[in-house]
Amino acid sequence: MRRRKGALKPKTLFVTLAICGIIALAGIGYVWAKTEVYSLAREVKSLEIKLDELHRTNEALKQQFAVKCTQGELQRQARSLGLAAPTPDQIVKLQDPVPSVSGQSEPRAFAAKLE
Amino acid sequence: MQPMIMAMQIRRLCFFACCLILGFGFLGYRLFELQVLEHEELSEKARDNTERTYVREPRRGDIRDIRGNLLATSKTVHAICADPDFIGTNYLLIASQIAPVLEMPFEEVAEKLRPRTRVNDRNDTVPIKYVCLKRKVEDEEWARVQKAMKLISFGIDESILPPTKRSAYERIRSRALFVEPDEMRFYPNDTLAAHVLGYVGVDDRPGLGKVFETIGKEGLELTLNNTLTGIQGWRQTETDSRRRELVMYREQDVAPRAGLNVVLTIDSGVQHILEEELEAAFEKHTPVSISGIVVRPKTGEILGMATLPTFNPNCPGKFPAEDRRNRVVTDVAEPGSTFKIVVVSAALNEGVTSLSEPFDCENGHFYFAGKALGDTHPFGVLTVEGIIAKSSNIGAAKIGIRLGDEKLYEYIRNYGFGQRTGIPLPGEVNGVARPPKEWTKLSISRIPMGHEVSCTPLQMVMAMSAIANKGMLMRPMLVDRFVDENGRDIAKFQPQALRQVVTAETAAKMVSALKSVVSTNGTGAKAKLNYYTAAGKTGTAQKIMNGHYSRSNHFSSFIGFFPADDPELCISVVVDDPKKGYYGSETAAPVFQRIAERSANYLAIPPEILTTNQTLALSGGNMKAP
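Top to bottom, those sequences are chains X and G. Mind the numbering: the first sequence is residues 1 to 115 in my numbering, read in order. Mind the numbering: the second sequence is residues 116 to 741 in my numbering, read in order.
Hints were generated in silico from the structure; no laboratory data involved. None of these values were measured; they are calculated from a predicted model. Glycine included, C-beta positions come from ideal geometry on N, C-alpha and C. Don't take each hint at face value.
[Said to hold, decoys possible] Calculated pairs, PhoX-like style, for lysine-lysine (alpha carbon to alpha carbon, straight line, at most 25 Å):
1) G/K190 <-> G/K399
2) X/K62 <-> G/K658
3) X/K68 <-> G/K694
4) G/K399 <-> X/K50
5) G/K658 <-> G/K641
6) X/K45 <-> X/K34
[Stated by the list, open to error] For each label pair, taking beta carbons as the anchor points, the in silico distance ranges come out as:
7) X/Y38 <-> G/N235: 25 to 35 Å
8) G/K244 <-> X/L61: 33 to 43 Å
9) G/Q609 <-> X/K62: 44 to 54 Å
10) G/Q609 <-> X/S80: 33 to 43 Å
11) G/Q609 <-> X/Q63: 24 to 34 Å
12) G/I659 <-> X/L74: 13 to 23 Å
13) X/L74 <-> G/S634: 29 to 39 Å
14) X/A60 <-> G/K244: 46 to 56 Å
15) X/A60 <-> G/Q351: 39 to 49 Å
16) X/S80 <-> G/R603: 36 to 46 Å
17) X/L74 <-> G/T240: 55 to 65 Å
18) X/Q63 <-> G/D604: 22 to 32 Å
[Said to hold, decoys possible] Quick look at which bits of chain X chain G covers, simulated, 3 or more residues with Cβ under 8 Å:
19) 35-41
20) 58-66
21) 69-79
Make the full structure from the sequences, and use the hints.
Structure follows, in structure tokens:
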């Protein structure tokens with residue numbers, strides 16, 4: 001079967017369609033990439049804003065905590081609970097074990113004797 | 116007919132061709148004009164419209180006490196700004212709406228919003244597009260301002276306006292005012308250690324972004340300003356017509372480096388005790404001022420430093436300048452009898468006398484160089500220890516005379532008088548310690564009792580600390596370390612020994628003499644502690660008023676340390692012109708006693724003088740209580 005003169009060759013048609021397809025895909029890809037960049041940029045910005053807000057909340061909480069921990073505030077709270085610092089005569093201090101001549105503390109020296 | 120039609124068609128074609136050529140020619144010329152002739156100007160305008168360079172402010176470092184309690188910190192807030200050019204003739208309306216919300220006078224807001232022009236760097240007159248209405252605005256206040264802006268009525272029914280005009284009014288409501296990030300310094304403890312911390316202020320800053328800069332104005336905020344400030348970053352980016360950043364066009368983004376956090380040697384617990392006791396004494400004696408310092412003599416670390424009247428660094432402008440002055444380092448006064456420690460320790464160190472040597476104190480009247488010198492009470496013969504215990508001026512003068520001018524001056528300088536201590540606080544003064552060639556004949560009898568010399572309370576407490584520290588003079592230490600934002604130590608400061616002023620033996624003798632001051636027979640009996648042996652010295656100096664020593668205005672002080680033989684704390688209390696009682700023993704010594712006992716309890720310093728219960732506990736319960 002003879003092909004008509006001037007008719008499009010399948011190979012040429014395929015190449016043309018391929019080129020068109022590539023151009024169309026590139027175009028779509030370009031638009032998609034641009035849209036992605038734009039949406040990611042918006043996401044980055046919103047996350048940055050959120051991070052800033054969290055930093056600020058953190059700062060505010062830190063400051064509230066600092067205010068609650070001030071000496072004046074603690075003293076006021078302690079007084080309202082009926083607490084007071086002990087006087088030195090109310091504090092009982094226990095003496096640390098005195099090392100024996102051999103350099104061992106008394107319990108160890110006693111244990112050594114038993115052995 | 117055919118050729119005529121052809122000719123007409125050709126003419127029409129030519130006409131359209133000419134129109135097209137002219138049109139494209141015009142467009143081409145316009146393109147050339149825009150792209151070449153006006154390129155510079157237009158590209159700059161385009162850049163101005165979209166490109167923005169933001170300065171990214173570093174966070175100012177925190178100041179903490181030695182236990183990590185926050186003393187000063189920074190809070191991110193807003194600065195409300197406006198574009199007067201955009202607001203145009205609506206400025207009076209907007210000012211009347213937002214002035215009450217901003218709690219600012221209407222006139223001030225209106226003046227700021229009034230459209231004006233300025234001359235830029237290229238000598239062009241341009242409209243002002245940026246004014247700062249109010250700084251340090253918190254979220255809630257900015258929300259109120261936004262709400263007020265939304266409710267603005269322009270006096271016309273906007274519903275009948277075309278959409279373009281309606282949106283113009285909407286744009287004014289939403290875009291006339293905007294916020295920029297700002298920083299507010301916050302002192303959670305209000306007045307606590309106010310004179311040590313100082314405060315911050317704003318300074319004009321030329322250049323990009325904000326026109327204000329937070330800088331230290333007083334105290335450590337000033338001296339450590341560079342450390343606390345940090346390093347700015349910047350961001351070069353583009354924005355859309357609503358000032359929203361287009362992140363994808365961000366070109367440069369350099370993060371700021373936060374300022375270092377400063378950890379002080381101050382202990383807020385001790386500082387609180389000190390301030391509370393000074394305040395009680397201030398109310399009782401109504402002096403001009405009262406100052407106190409708590410030092411660790413072995414290291415020179417300052418645990419507390421306070422002076423009253425004080426101020427709140429959160430709002431320093433509400434207090435007079437004299438209340439904001441740190442009198443501990445800026446004010447000098449004749450120290451009075453506390454200065455006797457210098458002459459006596461010098462004489463003991465030089466071996467010209469001993470603690471047990473008797474001196475005739477002339478029953479309170481001693482004539483030297485034709486002038487009389489008196490004691491508060493007539494004393495007969497007193498030993499050197501007795502001279503210290505009873506605070507005899509005549510005895511001290513006789514010791515000074517025996518020591519001699521040059522030696523006395525040498526020790527005065529060695530103790531650090533007449534020179535700055537080097538504490539990192541602004542405004543520290545040298546004090547006055549004149550060399551012997553400038554002395555009069557009387558000087559050698561007056562200097563030993565603390566006249567003709569003047570010093571700051573800090574110099575005096577450091578001198579006493581030297582005696583407590585076996586004769587070694589330390590540099591006062593206020594900053595313990597610098598820490599970065601991740602908590603890593605960047606610099607750690609060590610105690611600095613300046614010089615051995617007197618030998619350890621001499622210092623021990625002085626401690627023994629100073630213990631006798633804080634005894635029933637000494638002048639500092641009211642400084643006696645219940646659970647510790649204390650040593651110290653009282654001082655009462657007449658103030659110089661109009662060039663003469665006043666009989667009614669005094670400078671009373673007590674400087675002491677405890678436990679006497681192994682001192683943990685050295686405490687100074689200085690009362691300037693007390694109205695009820697004037698002796699240091701009456702005014703300052705009881706304050707020392709209360710500060711010492713409370714601080715010892717807070718710092719868990721083991722008591723030296725044990726109670727029956729404690730003795731029982733230490734002996735394992737074998738002893739019976741009486």
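Outcome of the hint check:
| no. | hint | result |
| --- | --- | --- |
| 1 | G/K190 <-> G/K399 | violated, 38 Å |
| 2 | X/K62 <-> G/K658 | violated, 47 Å |
| 3 | X/K68 <-> G/K694 | violated, 37 Å |
| 4 | G/K399 <-> X/K50 | violated, 54 Å |
| 5 | G/K658 <-> G/K641 | holds, 23 Å |
| 6 | X/K45 <-> X/K34 | holds, 16 Å |
| 7 | X/Y38 <-> G/N235: 25 to 35 Å | holds, 34 Å |
| 8 | G/K244 <-> X/L61: 33 to 43 Å | holds, 37 Å |
| 9 | G/Q609 <-> X/K62: 44 to 54 Å | violated, 30 Å |
| 10 | G/Q609 <-> X/S80: 33 to 43 Å | holds, 42 Å |
| 11 | G/Q609 <-> X/Q63: 24 to 34 Å | holds, 32 Å |
| 12 | G/I659 <-> X/L74: 13 to 23 Å | violated, 43 Å |
| 13 | X/L74 <-> G/S634: 29 to 39 Å | holds, 36 Å |
| 14 | X/A60 <-> G/K244: 46 to 56 Å | violated, 32 Å |
| 15 | X/A60 <-> G/Q351: 39 to 49 Å | violated, 30 Å |
| 16 | X/S80 <-> G/R603: 36 to 46 Å | holds, 39 Å |
| 17 | X/L74 <-> G/T240: 55 to 65 Å | holds, 60 Å |
| 18 | X/Q63 <-> G/D604: 22 to 32 Å | holds, 24 Å |
| 19 | 35-41 | holds (count 4) |
| 20 | 58-66 | holds (count 5) |
| 21 | 69-79 | holds (count 5) |
The structure shown violates the earlier hints numbered 1, 2, 3, 4, 9, 12, 14, 15.
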